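Chains as they are written, first to last, in numbering that gives the first Met the number 0: chain A, 0 to 302; chain D, 0 to 302; chain W, 0 to 285; chain U, 0 to 285.
The hints are all genuine.
Between beta-carbon pairs, the in silico distance windows are:
hint	chain 1	residue 1	chain 2	residue 2	range
1	D	E117	W	A262	32 to 40 Å
2	W	E284	D	E117	36 to 44 Å
3	D	R301	A	R81	38 to 46 Å
4	A	E91	U	G222	41 to 49 Å
Some but not every residue of chain U turned toward chain W, in silico, with C-beta under 7 Å:
hint	residue
5	G71
6	L72
7	E73
One-sided and incomplete, this derived list gives chain A residues near chain D with beta-carbon spacing under 7 Å:
hint	residue
8	L66
9	A140
10	G195
11	R203
12	R204
13	V210
14	L214
15	P221
16	L224
FYI, nobody ran anything at the bench for these hints, they're computed from the structure. Being a predicted model, the structure only gives us computed values, none of them experimental. The beta carbon of each residue, even a glycine, is placed where N, CA and C say it ideally should be.
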Amino acid sequence: MDLSVSFGGLTLKNPVLTASGTFGYGLEFTPYGDLARLGGFVVKGISLLPREGNPMPRIAETPCGMLNAIGLQNVGAEVFLRDKLPRLPWRETAVVVNLYACSAEEFGDLAGLFAGEEGVAALEVNVSCPNVREGGAAFGADPAQIAAVTAAVKRRAGDKPVIVKLSPNVTDIVAAGRAAMDGGADILSAINTLTGMAVDVRTRRPRLANVVGGLSGPAVKPVGLRCVWQLASALPLPVIGIGGIASAEDALEYVLVGAHAVQAGTANFSRPDFAFRLVDDIAALAAELGLDSLDACRGGLRT
Amino acid sequence: MDLSVSFGGLTLKNPVLTASGTFGYGLEFTPYGDLARLGGFVVKGISLLPREGNPMPRIAETPCGMLNAIGLQNVGAEVFLRDKLPRLPWRETAVVVNLYACSAEEFGDLAGLFAGEEGVAALEVNVSCPNVREGGAAFGADPAQIAAVTAAVKRRAGDKPVIVKLSPNVTDIVAAGRAAMDGGADILSAINTLTGMAVDVRTRRPRLANVVGGLSGPAVKPVGLRCVWQLASALPLPVIGIGGIASAEDALEYVLVGAHAVQAGTANFSRPDFAFRLVDDIAALAAELGLDSLDACRGGLRT
Amino acid sequence: MGAGVRLIVRGAKTLSERTMEHKTCTSLRIVENRPLGGGAQYLLSLENPGWGAGGKTWRPGQFVMLRPVSWGLELTWARPFSIAQVDEGGLRLVIRPAGRGTDRIAGLAPGDEVFLWGPLGTSFVTEPETPTLLLAGGVGLAPFWGYAARHPAPANLRLVLGHTIDLAAFPLDPFAPLAGAGRLHTFHQRTMADLDAFIALLERHIADHGRAANGLVLACGPGPFLRTVRRLCDAAGARCQVSLENRMACGIGACLGCVARDAAGRNVQSCTRGPVFWTRDLAEEF
Amino acid sequence: MGAGVRLIVRGAKTLSERTMEHKTCTSLRIVENRPLGGGAQYLLSLENPGWGAGGKTWRPGQFVMLRPVSWGLELTWARPFSIAQVDEGGLRLVIRPAGRGTDRIAGLAPGDEVFLWGPLGTSFVTEPETPTLLLAGGVGLAPFWGYAARHPAPANLRLVLGHTIDLAAFPLDPFAPLAGAGRLHTFHQRTMADLDAFIALLERHIADHGRAANGLVLACGPGPFLRTVRRLCDAAGARCQVSLENRMACGIGACLGCVARDAAGRNVQSCTRGPVFWTRDLAEEF
Ligand SMILES: Cc1cc2nc3c(=O)[nH]c(=O)nc-3n(C[C@H](O)[C@H](O)[C@H](O)COP(=O)(O)OP(=O)(O)OC[C@H]3O[C@@H](n4cnc5c(N)ncnc54)[C@H](O)[C@@H]3O)c2cc1C
Ligand SMILES: Cc1cc2nc3c(=O)[nH]c(=O)nc-3n(C[C@H](O)[C@H](O)[C@H](O)COP(=O)(O)OP(=O)(O)OC[C@H]3O[C@@H](n4cnc5c(N)ncnc54)[C@H](O)[C@@H]3O)c2cc1C
Ligand SMILES: Cc1cc2nc3c(=O)[nH]c(=O)nc-3n(C[C@H](O)[C@H](O)[C@H](O)COP(=O)(O)O)c2cc1C
Ligand SMILES: Cc1cc2nc3c(=O)[nH]c(=O)nc-3n(C[C@H](O)[C@H](O)[C@H](O)COP(=O)(O)O)c2cc1C
Ligand code: FES
Ligand code: FES
Numbered sequence: 000m001d002l003s004v005s006f007g008g009l010t011l012k013n014p015v016l017t018a019s020g021t022f023g024y025g026l027e028f029t030p031y032g033d034l035a036r037l038g039g040f041v042v043k044g045i046s047l048l049p050r051e052g053n054p055m056p057r058i059a060e061t062p063c064g065m066l067n068a069i070g071l072q073n074v075g076a077e078v079f080l081r082d083k084l085p086r087l088p089w090r091e092t093a094v095v096v097n098l099y100a101c102s103a104e105e106f107g108d109l110a111g112l113f114a115g116e117e118g119v120a121a122l123e124v125n126v127s128c129p130n131v132r133e134g135g136a137a138f139g140a141d142p143a144q145i146a147a148v149t150a151a152v153k154r155r156a157g158d159k160p161v162i163v164k165l166s167p168n169v170t171d172i173v174a175a176g177r178a179a180m181d182g183g184a185d186i187l188s189a190i191n192t193l194t195g196m197a198v199d200v201r202t203r204r205p206r207l208a209n210v211v212g213g214l215s216g217p218a219v220k221p222v223g224l225r226c227v228w229q230l231a232s233a234l235p236l237p238v239i240g241i242g243g244i245a246s247a248e249d250a251l252e253y254v255l256v257g258a259h260a261v262q263a264g265t266a267n268f269s270r271p272d273f274a275f276r277l278v279d280d281i282a283a284l285a286a287e288l289g290l291d292s293l294d295a296c297r298g299g300l301r302t
Numbered sequence: 000m001d002l003s004v005s006f007g008g009l010t011l012k013n014p015v016l017t018a019s020g021t022f023g024y025g026l027e028f029t030p031y032g033d034l035a036r037l038g039g040f041v042v043k044g045i046s047l048l049p050r051e052g053n054p055m056p057r058i059a060e061t062p063c064g065m066l067n068a069i070g071l072q073n074v075g076a077e078v079f080l081r082d083k084l085p086r087l088p089w090r091e092t093a094v095v096v097n098l099y100a101c102s103a104e105e106f107g108d109l110a111g112l113f114a115g116e117e118g119v120a121a122l123e124v125n126v127s128c129p130n131v132r133e134g135g136a137a138f139g140a141d142p143a144q145i146a147a148v149t150a151a152v153k154r155r156a157g158d159k160p161v162i163v164k165l166s167p168n169v170t171d172i173v174a175a176g177r178a179a180m181d182g183g184a185d186i187l188s189a190i191n192t193l194t195g196m197a198v199d200v201r202t203r204r205p206r207l208a209n210v211v212g213g214l215s216g217p218a219v220k221p222v223g224l225r226c227v228w229q230l231a232s233a234l235p236l237p238v239i240g241i242g243g244i245a246s247a248e249d250a251l252e253y254v255l256v257g258a259h260a261v262q263a264g265t266a267n268f269s270r271p272d273f274a275f276r277l278v279d280d281i282a283a284l285a286a287e288l289g290l291d292s293l294d295a296c297r298g299g300l301r302t
Numbered sequence: 000m001g002a003g004v005r006l007i008v009r010g011a012k013t014l015s016e017r018t019m020e021h022k023t024c025t026s027l028r029i030v031e032n033r034p035l036g037g038g039a040q041y042l043l044s045l046e047n048p049g050w051g052a053g054g055k056t057w058r059p060g061q062f063v064m065l066r067p068v069s070w071g072l073e074l075t076w077a078r079p080f081s082i083a084q085v086d087e088g089g090l091r092l093v094i095r096p097a098g099r100g101t102d103r104i105a106g107l108a109p110g111d112e113v114f115l116w117g118p119l120g121t122s123f124v125t126e127p128e129t130p131t132l133l134l135a136g137g138v139g140l141a142p143f144w145g146y147a148a149r150h151p152a153p154a155n156l157r158l159v160l161g162h163t164i165d166l167a168a169f170p171l172d173p174f175a176p177l178a179g180a181g182r183l184h185t186f187h188q189r190t191m192a193d194l195d196a197f198i199a200l201l202e203r204h205i206a207d208h209g210r211a212a213n214g215l216v217l218a219c220g221p222g223p224f225l226r227t228v229r230r231l232c233d234a235a236g237a238r239c240q241v242s243l244e245n246r247m248a249c250g251i252g253a254c255l256g257c258v259a260r261d262a263a264g265r266n267v268q269s270c271t272r273g274p275v276f277w278t279r280d281l282a283e284e285f
Numbered sequence: 000m001g002a003g004v005r006l007i008v009r010g011a012k013t014l015s016e017r018t019m020e021h022k023t024c025t026s027l028r029i030v031e032n033r034p035l036g037g038g039a040q041y042l043l044s045l046e047n048p049g050w051g052a053g054g055k056t057w058r059p060g061q062f063v064m065l066r067p068v069s070w071g072l073e074l075t076w077a078r079p080f081s082i083a084q085v086d087e088g089g090l091r092l093v094i095r096p097a098g099r100g101t102d103r104i105a106g107l108a109p110g111d112e113v114f115l116w117g118p119l120g121t122s123f124v125t126e127p128e129t130p131t132l133l134l135a136g137g138v139g140l141a142p143f144w145g146y147a148a149r150h151p152a153p154a155n156l157r158l159v160l161g162h163t164i165d166l167a168a169f170p171l172d173p174f175a176p177l178a179g180a181g182r183l184h185t186f187h188q189r190t191m192a193d194l195d196a197f198i199a200l201l202e203r204h205i206a207d208h209g210r211a212a213n214g215l216v217l218a219c220g221p222g223p224f225l226r227t228v229r230r231l232c233d234a235a236g237a238r239c240q241v242s243l244e245n246r247m248a249c250g251i252g253a254c255l256g257c258v259a260r261d262a263a264g265r266n267v268q269s270c271t272r273g274p275v276f277w278t279r280d281l282a283e284e285f
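Could you build the full structure based on these sequences and the hints that come with them?
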C-alpha cells in the first residue's frame, strides 16, 4: 500500500512526522532506526541566537502524559545550519525546521536564514512565545498576532511551505487557524501543548521551576482530535494532527477527522524506536482496514 | 484534626464535595457510604424543565479519563424539589444545586425556585450552554455573558451563596473569573470539562453521538491545577478546585495552589465509595504532613 | 417474586430499604482464572463477596462492576459482568476478552486484587410453572447458569445458545441437567449465511413459548440479537425479558451514560432500571 | 580508556561511530526479581540484552532506560537505572522503590516483559595504577559492582557505602574481595546527627586520595551527597567524577529535561554528556 501523502507543497513518503522538541535534532535517534524511513521530522524549536532554556526541574510526569517547561533551549540557527543539518539525511526524508521567536520581525529574519537551504523541507512556526509588549499573553492566543507573524515568515520563506502550529489554549481555535490562513500559511499543525501545572504536596513546590508548563501525551489526545476536526471541517487548509499519538490507531483517528499527516511527540520518549515502528504499524493497520491509500479515509468520519 | 472550612458564606465540615453530574442526586451512593460524612455534594445539573439529554452513546473512556456528552439529562427543578431534596440529609451536609439554563432570564427564574429552600446550601451556575443567539459559543467563553448570567442568578438567589463554575476552554480564565466576580459571585469553581473527541477507526464513527464531549479525569488534573492557581493568585474570591482528583494528594495539591474546597468527579465512577474514603484519606495525609488545619497550607505553594 | 422486585427497584426507596439490598463495594482476590476454549473466554472465580445469608441476596440477571487494582489511573471505569454463580468456588464470572479492559482481565492471576461492587440492577423473573425459554447469545449465557441452578422446576426450562466461537469456550457443566433432558440446543454460527438458520431456530422455539403456551422468553446477548428476539417475541405474542449490554461507567444510576429508551420515550438507566427489562417497557429502538 | 571514551561521546559523531556503540532497544523478560533486606531494594535480573561480544560493549557507570510493558499509557517515561553487571544471570539492576515507577518495578515477576534501551551515557574512568576511592550513597552502589569486577588492579580500590536502610538490602557479595582486604567501609546513617560523622569519614578517605596521592574519587548517589563529595574533593585536591541522578524522560539527549549546568554555564544533557561527569566540568551548583 502506498502511504505517501502530498499537501500544501509538501510531499512525504508516509504521514509520520515527529513533533518538535521530542525528537532532538534527529541524530539522537539514529541508533534506534533509520531516519530515512520516516515521512519526516521536525527539529527542536530554533531561535536566532542559542538559548539555555528554563531552570531545572523542567519536566514532570503526569497521568498518561507529561509537563515540560524546557524553555526552548536550542543551539541557535547558525550552529544548527553548520553542525546539524549537514549530517541529516534530508534527501531521503523531510526535515522541517520549527521556528521560535518573540516578534514578527525576528520570525521573518529566522525564516530568511532557512529560505535558501536545500535541506529544509518546510518551516513550522511556533507562536507560543509570551508576548511581553502585549501584556505577556502568547502570540498564539491572538488571531491578529498570528496573522502578522505568519505573514512575516511567509514573506521571507522563499518557496518553503509554511506550517503554522496552533495552540489549544484558546477559546476558538478556528479563529486562530483562519488568521494563519489570512497570513498566508500553507499548512496548519495542531496541537501544541495545553498549559498545565503539577505540585508536590510534600515539598509544597511546583514540580516545574517555571511553575506552569505544557501538557502532552495520550491525556491530551481527545483535545487534539477535537481541534483538528474543527480546523479541517471549517478551513480549506491541510492540517497536520498532533497530540497524544501512541499507536497506529491514534494516527488514523487523526486522519479520519481530517489530518493529512501526523506528528508523534511524547511517545518518542516512551520508546526511542516509536516513530519507526509507527510507520510499519500504520501500513499494517491500513491493510487490515482495507485502505488503498490514506486519501481513502481522510476526513471520512461518519457523523 | 479539624477539616472544616468556611468561605464565601459556605461552611463545610470538610473540604470534600462531589462534582455535578458525577454523583447523581446523592441517593445513588447511599449504599456505599454515609452522605453526612461528606463536606457536601453538588447534584446533577438541574434545568427548569426535565430534559432527556443527548442520544447514545454518551460516554467514552479515554487514557486516564473519559468523555461525556450526557446533554444535561435531568428530572427538572420541580421533581427535584418534590422527590429528591426531601430525602437528602441536608441538615448534616451541604447540598449544592447546579443550575443549567440557556439565558440569563432562565437562570434567574431557576435561582428563584431554590432561593427559599432550606435544604439548599448554595447554587452553582453552569455556564456551558451553547448560546444560540450569540452564534453557538458557550456562555462560559464570553466574560460579558458570564457577568450577566451571574448577576441574574445573584439577584434571585436570596441569601444563598452563588458559585460560578468556569470552563477551561478559554484563552483567559482569569478574565472569566473576574467577570463572575463583577456579576456578584461569592465563590468560583473550576474546572468544568475540556472539549474533546474520540473516534473509532474501525467503525469510522465518533465514540459519542454528539461527536464532541467533555473530557474529565486524572488526564485533566494539570489543567485544573493551573486554572485554580491562576484564579486564586489573581482574584480575591474563594475557589473550589475541580478536575481529576483521584487521591488525597490530588486534593491537597488543589488546596496548596489556593483552593478552599474540592470537588471529586470522575473518580466516583472508578469506585462508588471514593468520596467517603477521600475524607478519611485527607485527614490521614494532613496528619502525616503535620497540618493543624487546611488554612495552614492553603495557597502555600512555594514558588 | 419478579413483580415485587421491580416494585422495589422502581419505587421511591427509603434509605433502609436500600441498605436491605445488601449492595457492597469491596476488595476481592482472584481465586482462579481458567481459560476456556483456549482463551476465547475465561471462567473467573473470586473470593465470595459475602452478600448476606447463603449468598441468596443476589438474583440471576444482576451484575457486578469489577475493576482490577492494576488498572491504576489508566482505565477509568470498572466493567460490568453478569453474576454467573456464587458457590463454594466463590463468585463466578464468565469473561469474553473483547477490548482493552477485558483483555487485561483475561491476564489476571490468582491473588490479584480487584475492586467490585454489587449485586446491581434488576433480575430475570422466575415463574416456576411457566414454560421458560432461555436465549443466550455468546457470553450472554452467563446469567443463566445461576438462573437454571436456582429454578424450582427446571423441567420447565429450555436453553438455546448461539455462538460464533468454539463451544469449548462455554461453561456447559452447569447446564448438564438440561442437556441430559434434550432441552439444551447450541448453534454454531460460522458465517453470515448461518444467521438465517439461527433466526429460524429461535423463531421455532419462541413459537413454542408464545401466546398459546403463555410462555416466557428470557434473552441475554449482544444488541442485534436482542432486537431480533424482541421482534420474534412480539410476532409470537411471547412475553419477553431482555438483558441489555450498554456501556457503563458507574453501574449505580449516577452517570446517565448507559441509558435505554423506554416505552414512554424517556431515557432510563440500564444499570438500575435494567439491565433486565420487559421488552414491552422499552421503546422500539431501545 | 577514560579520555578516549569522553572524546567519542563529546565529539561530533558520524552515524557509523554511533552504530558502533551498540545501543539497542529491545523487549526483555524478567528472569528474577529478588527482594533484598525485606524489599528495601530489589535485585532485578533480566535476559541478557546481547550487547555484542562478551557483553563487554557496556562500561560501568552507564545506564539503561527500562519501561515495563504493563505500564500501558499511564506512566509515560521509562526510568533510568545504572547497569550493575551483565553475567550468566543476565543483566543485573539494583532497584530502590522510591516512587510510582520503582514501586511497580518492585512488583514485577519472572516472565514479565519490559522494554529497555542502552547502554547509555558516559562511564567512570578506569586508571589501573591509581588509588581509587569509590563512594556510594545508597543504591548508588550499583555501578560499582561492575566497576570493581572489571578493574584490572582491584588492590587499588577502596569502597565506602553510606546507607540509611538496612545493610542487608545491598548486594555485597560482589564486593567480597574488597571486604576481605579491609577496603570496604559501610556507614549506617540512622539519624540526622550521624551525618557529621559520615562526612568526617568521607573526608578522611578523600584525604588519602587527594593531591599528594594523585588519587581518584568516583561517586554515585543522591544530589546532596554528590555535592558534599565534590566540596571535599575540591578541598583535598582530589580528582573526582560524579554520576548524576537527574530525572530523565528520553535518556538519549532529545528532550532536554535532564540537563546539568556545566563549568561554562551551559545546560548539557546528563543522559548523554553524563551521567558521569568530572566535577571540574560542572558548575558549582550543577
Ligand atoms: C449488565 C452487563 C452484563 C455483562 N455481562 C458480561 C459477562 O458476563 N461477560 C462478559 O464477557 N461481558 C459482559 N458484559 C460486556 C462487558 O461489560 C464488555 O465486554 C466490557 O465492558 C468491554 O470492555 P473492554 O474494555 O474490554 O472493551 P472496550 O469497548 O474496548 O473499552 C471500553 C471503552 O474504552 C474505549 N476505548 C477503546 N479503545 C480505546 C483506545 N485505544 N483509546 C481510548 N479509548 C478506547 C471505548 O470507547 C469504550 O468506551 C456485560 C455488560 C453489561 C452491561
Ligand atoms: C543515571 C541514573 C542511574 C540511576 N540508577 C539507579 C539504580 O541503579 N537504582 C535505582 O534504584 N535508582 C536509580 N536511579 C534513580 C531512579 O531512576 C529513580 O529512583 C526513578 O526514576 C524514580 O522513579 P519513580 O517513578 O519511582 O519516582 P517518582 O519520582 O515518584 O516519579 C517520577 C515522576 O512522576 C511524577 N509523579 C510522582 N507522583 C505523582 C503523582 N501522584 N501524580 C502525577 N505525577 C507524579 C514526578 O513529578 C516525577 O516527575 C538512577 C537515576 C539515574 C538518572
Ligand atoms: C519536551 C517537549 C519539548 C517541546 N518543544 C517544542 C518546541 O520546541 N516547539 C514546538 O513547537 N513544540 C514543542 N513541543 C510540543 C510538541 O511538539 C507537541 O506539539 C506536543 O507535545 C503534543 O504532542 P504529543 O502529545 O504527541 O507530545 C514540545 C513538547 C515536549 C514534550
Ligand atoms: C458524566 C459527567 C456529567 C457531568 N455533568 C455535569 C453537569 O451536569 N453540570 C456541571 O456543571 N458539570 C458536569 N460535569 C463536570 C464535572 O462536574 C467536573 O467539572 C468535571 O468532570 C471535572 O472533574 P473530574 O475530572 O473530577 O471529573 C459532568 C462530568 C461528567 C464526567
Ligand atoms: S452506568 Fe452510570 S447511570 Fe448506568
Ligand atoms: S533524558 Fe532526555 S535529554 Fe536527557
